[in-house]
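Protein chains: 2
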Amino acid sequence: MTTGCIVAPLGFQAGSTYCGIKIAKDSLDLGIIFSAYPSTGAALFTTNQIYAAPVKLSRKIIQKGMGCVRAFVINSGNANACTGEQGYKDAAEMVSTAAACLKISEDELLIASTGIIGRPLPMEKITAGIQTAVNSLGNTQAHGDAMARAIMTTDTKQKSVAIRIKINGKEVSVGGIAKGAGMIAPNLATMLCFLTTDVSMPAELLSECLRNSAESSFNRITIDGHMSTNDTIAIIANGASGVTIAEKNNDLRTFQQGLDYVTSTLAKAIVMDGEGATKFVQIDVIGARSRNEATRIARSIADSPLVKTALNGEDPNWGRIVSAAGYAGVELDESKTTLYINDILIFAKGMPAQCDLNTLSASMKNKDIMIRLELGLGNYRDTVWTCDLSHEYVTINAEYHT
Amino acid sequence: MTTGCIVAPLGFQAGSTYCGIKIAKDSLDLGIIFSAYPSTGAALFTTNQIYAAPVKLSRKIIQKGMGCVRAFVINSGNANACTGEQGYKDAAEMVSTAAACLKISEDELLIASTGIIGRPLPMEKITAGIQTAVNSLGNTQAHGDAMARAIMTTDTKQKSVAIRIKINGKEVSVGGIAKGAGMIAPNLATMLCFLTTDVSMPAELLSECLRNSAESSFNRITIDGHMSTNDTIAIIANGASGVTIAEKNNDLRTFQQGLDYVTSTLAKAIVMDGEGATKFVQIDVIGARSRNEATRIARSIADSPLVKTALNGEDPNWGRIVSAAGYAGVELDESKTTLYINDILIFAKGMPAQCDLNTLSASMKNKDIMIRLELGLGNYRDTVWTCDLSHEYVTINAEYHT
Numbered sequence: 001m002t003t004g005c006i007v008a009p010l011g012f013q014a015g016s017t018y019c020g021i022k023i024a025k026d027s028l029d030l031g032i033i034f035s036a037y038p039s040t041g042a043a044l045f046t047t048n049q050i051y052a053a054p055v056k057l058s059r060k061i062i063q064k065g066m067g068c069v070r071a072f073v074i075n076s077g078n079a080n081a082c083t084g085e086q087g088y089k090d091a092a093e094m095v096s097t098a099a100a101c102l103k104i105s106e107d108e109l110l111i112a113s114t115g116i117i118g119r120p121l122p123m124e125k126i127t128a129g130i131q132t133a134v135n136s137l138g139n140t141q142a143h144g145d146a147m148a149r150a151i152m153t154t155d156t157k158q159k160s161v162a163i164r165i166k167i168n169g170k171e172v173s174v175g176g177i178a179k180g181a182g183m184i185a186p187n188l189a190t191m192l193c194f195l196t197t198d199v200s201m202p203a204e205l206l207s208e209c210l211r212n213s214a215e216s217s218f219n220r221i222t223i224d225g226h227m228s229t230n231d232t233i234a235i236i237a238n239g240a241s242g243v244t245i246a247e248k249n250n251d252l253r254t255f256q257q258g259l260d261y262v263t264s265t266l267a268k269a270i271v272m273d274g275e276g277a278t279k280f281v282q283i284d285v286i287g288a289r290s291r292n293e294a295t296r297i298a299r300s301i302a303d304s305p306l307v308k309t310a311l312n313g314e315d316p317n318w319g320r321i322v323s324a325a326g327y328a329g330v331e332l333d334e335s336k337t338t339l340y341i342n343d344i345l346i347f348a349k350g351m352p353a354q355c356d357l358n359t360l361s362a363s364m365k366n367k368d369i370m371i372r373l374e375l376g377l378g379n380y381r382d383t384v385w386t387c388d389l390s391h392e393y394v395t396i397n398a399e400y401h402t
Numbered sequence: 001m002t003t004g005c006i007v008a009p010l011g012f013q014a015g016s017t018y019c020g021i022k023i024a025k026d027s028l029d030l031g032i033i034f035s036a037y038p039s040t041g042a043a044l045f046t047t048n049q050i051y052a053a054p055v056k057l058s059r060k061i062i063q064k065g066m067g068c069v070r071a072f073v074i075n076s077g078n079a080n081a082c083t084g085e086q087g088y089k090d091a092a093e094m095v096s097t098a099a100a101c102l103k104i105s106e107d108e109l110l111i112a113s114t115g116i117i118g119r120p121l122p123m124e125k126i127t128a129g130i131q132t133a134v135n136s137l138g139n140t141q142a143h144g145d146a147m148a149r150a151i152m153t154t155d156t157k158q159k160s161v162a163i164r165i166k167i168n169g170k171e172v173s174v175g176g177i178a179k180g181a182g183m184i185a186p187n188l189a190t191m192l193c194f195l196t197t198d199v200s201m202p203a204e205l206l207s208e209c210l211r212n213s214a215e216s217s218f219n220r221i222t223i224d225g226h227m228s229t230n231d232t233i234a235i236i237a238n239g240a241s242g243v244t245i246a247e248k249n250n251d252l253r254t255f256q257q258g259l260d261y262v263t264s265t266l267a268k269a270i271v272m273d274g275e276g277a278t279k280f281v282q283i284d285v286i287g288a289r290s291r292n293e294a295t296r297i298a299r300s301i302a303d304s305p306l307v308k309t310a311l312n313g314e315d316p317n318w319g320r321i322v323s324a325a326g327y328a329g330v331e332l333d334e335s336k337t338t339l340y341i342n343d344i345l346i347f348a349k350g351m352p353a354q355c356d357l358n359t360l361s362a363s364m365k366n367k368d369i370m371i372r373l374e375l376g377l378g379n380y381r382d383t384v385w386t387c388d389l390s391h392e393y394v395t396i397n398a399e400y401h402t
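Chains as they are written, first to last, in my numbering: chain V, 1 to 402; chain W, 1 to 402.
It is worth saying that the hints were derived from the structure and are not from the lab. A quick note: this is a predicted structure, and the numbers were derived from the prediction, not measured. Just so you know, even glycine gets a beta-carbon here, dropped at the ideal spot from N, CA and C. There could be a bad hint or two in this list.
Taking lysine to any residue and the SDA-like style, the derived pairs with C-alpha atoms no more than 25 Å apart in a straight line are [unchecked claim]:
{"id": "1", "chain 1": "W", "residue 1": "K336", "chain 2": "W", "residue 2": "T278"}
{"id": "2", "chain 1": "W", "residue 1": "K349", "chain 2": "V", "residue 2": "A92"}
{"id": "3", "chain 1": "V", "residue 1": "K60", "chain 2": "W", "residue 2": "D333"}
{"id": "4", "chain 1": "V", "residue 1": "K64", "chain 2": "V", "residue 2": "A100"}
{"id": "5", "chain 1": "V", "residue 1": "K60", "chain 2": "W", "residue 2": "E331"}
Residues on chain W that point at chain V, a partial pick, calculated with CB under 8 Å [said to hold, decoys possible]:
{"id": "6", "residue": "G118"}
{"id": "7", "residue": "T309"}
{"id": "8", "residue": "D343"}
{"id": "9", "residue": "M351"}
{"id": "10", "residue": "E399"}
Construct the complete structure from the given sequences, taking the supplied hints into account.
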């Protein structure tokens, strides 16, 4: 997935380097995304009560800076999480060094870290790395690709996408990179996503767009239900395209659609790169009393180890799916419940349906699996994307040693 | 675990048979527990919104019969779940056949089924099996052991225990059997527990004791977080010991302790027999603002696939434990959070602790693992028991085919 990159929108540069945080010398481990113009920004952070120093600091910065953001500085290989006061001081030093090198205010940049938990950041390496990354800033596809790799940990593929859309006759772009393979993989993961656009937009409106987009993308995926201490999604809008969106109008809707495309593409890429994943599974819950109830049921199915192992075994085990729906804490009516797997009706209004089991079994060999549960209770629906649970997942996570 | 059995209390008999529901001919698949005297009973059922016909019917019976229960009739090999109206008729037929054979009222017996989902009960076999089981009723250890085996599905070990306690100078007994290896294992599991006692007790008081006991035993275990459609816990008290407990006094407390011993022994036996389990893990959360918050955090840790795979890999991965606590939806203060694994301090008030890693690593090879998380927020605590997530779990559940 390298159609377009984080520096596709006008006025953005990226620079990255190997500064020695990771052990493997050919791995990039520090990257900077920089807007040549004053810009607005918005960010969402993990809701985990145990959150890392860079999350704590970036939350403060975005409040203090009133939504003016011009740069992201990210390191991989060390999460700077569970590191106490020293961790917070190190994060602050990362900000001041980067601000000095980029010649911007300390209130105009956000930082993020991903990697091992509970170890101090190697600050000498970080300081040198920031200087090198700033010196390497550029806006080619190669710069964008390197930036996408610089934030990877257990990811097996870089995740980067951009889209060009027309607003009011003018071309604007949205670009994005993401990383993540377990919601948190041991001490070496986290979900990160950085977005850029050359639209100009007030920070509040941008923040609303980002929240909307995250709701329908990153908040709809689950690999193992384990939330990271470092999750961060952030966007910068620099106005370099000459297009300004200042109110809730058709232009904003067009922009939202473009942003949604970028975030859902990246979110799905994370699921497809899920630790040990062999299947990409879409779970649609239809006919719920509210979206929230649809979400809870879809998540309950997606997070069930029994459903995930059945998918891994390519078995259309509808009993596991229906019973996982049943314990989601939502009132159901079994006699109205209907289930399709890969568009084949298998459970109809509370009773097993007569279906062509050969066709169904054959369809389970597909990489993409569709599960559609109809509740018959109302008009709301939701979709969650997940992957299967494989021997490889156990191997990756049981054989990893701290 | 065969110290004592379900017919240890006076005035109880058990009978079991192979009637042809299971494929393996040497497996028992139908059993009956019967009290020679009029008795009171109490039962708890799955809270899954998709619940099986026997659960639906037994719920009605216990309400209608005003807590008079003299018998349990249980089949394994077929759960009679997701079977629609026919399933309910079959359950009713199971009740009327058993009541006629046992010469008791249809309001005096509870039924339970466990096994494959979505297939009609083979009623001819069940009817014949009930007659055979009634003819084989007896009160020896062999009768009790056979009864424990008759309710097994994917279980590898029978789970049976009894305790003798003194109340008011007289000996009374509590016996129990249980089955379960996954909370629900595919189409072949469920958690069932049947208890007997020769104490006499009003149904309401008995029901309260059972709820208390379940709270501190079966409601404190999790193997894979997947709740069954058929879970049932039920007790009969027949008064054969001559001891009556009719109010909340010291005798009741003594009885409650005995019942708690039986239920927690059986609950732990289920975890130890968990699908693919190689570790028995106790998670203590201490210093919470409420018991509910302690429970939520303990469950969040217990159900994290990342924690479970680390335990399987015998790795003391404290980052996964602390971050799982962080997403339980409970407000935490990292700087007050402290973690012990196998009584070794590894995370102290928000910072990694200096500890003897060799000793810690060696202790991870134990079959029993203790995790103690101290929150420093209040005076409440809770304990949850779970097991690890192994390759064997994936094999059992991915290779099972419907």
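Can the restraint linking K64(V) and A100(V) be considered satisfied, given a maximum Cα separation of 25 Å?
-> holds (18 Å)
Regarding the pair K349(W) and A92(V), is the alpha-carbon distance no greater than 25 Å?
-> holds (21 Å)
Chain V contact restraint on G118(W) - CB to CB distance below 8 Å | Because about 4 Å separates G118(W) from the closest Cβ in chain V, which is inside the 8 Å limit, the hint holds.
Restraint status (C-alpha distance of K60(V) to D333(W) at most 25 Å) = holds (18 Å)
Does D343(W) meet its interface restraint, that is, does its C-beta lie within less than 8 Å of any C-beta in chain V?
-> The hint is violated - D343(W) has no Cβ within 8 Å of chain V, the shortest such distance being about 18 Å.
Restraint check for K336(W) with T278(W), where alpha carbons must lie at most 25 Å apart = Measuring from Cα to Cα gives roughly 32 Å; hence the hint is violated.
Could you check if M351(W) really has its C-beta closer than 8 Å to a C-beta on chain V?
-> Where the cut-off is 8 Å and the nearest Cβ of chain V is about 4 Å from M351(W), the hint holds.
Report holds or violated for the interface hint on T309(W), using the least CB-CB distance to chain V and a cut-off of 8 Å.
-> Check passed: Cβ of T309(W) comes within 4 Å of chain V, closer than 8 Å.
Quick one, is the E399(W) hint okay against chain V at 8 Å, beta carbons?
-> holds (6 Å)
For the pair we were handed, K60(V) and E331(W), check the Cα-Cα distance against 25 Å.
-> The given pair, whose Cα atoms are some 19 Å apart, holds under the 25 Å limit.
Going through the hint list in order, the structure does not satisfy hints 1, 8.
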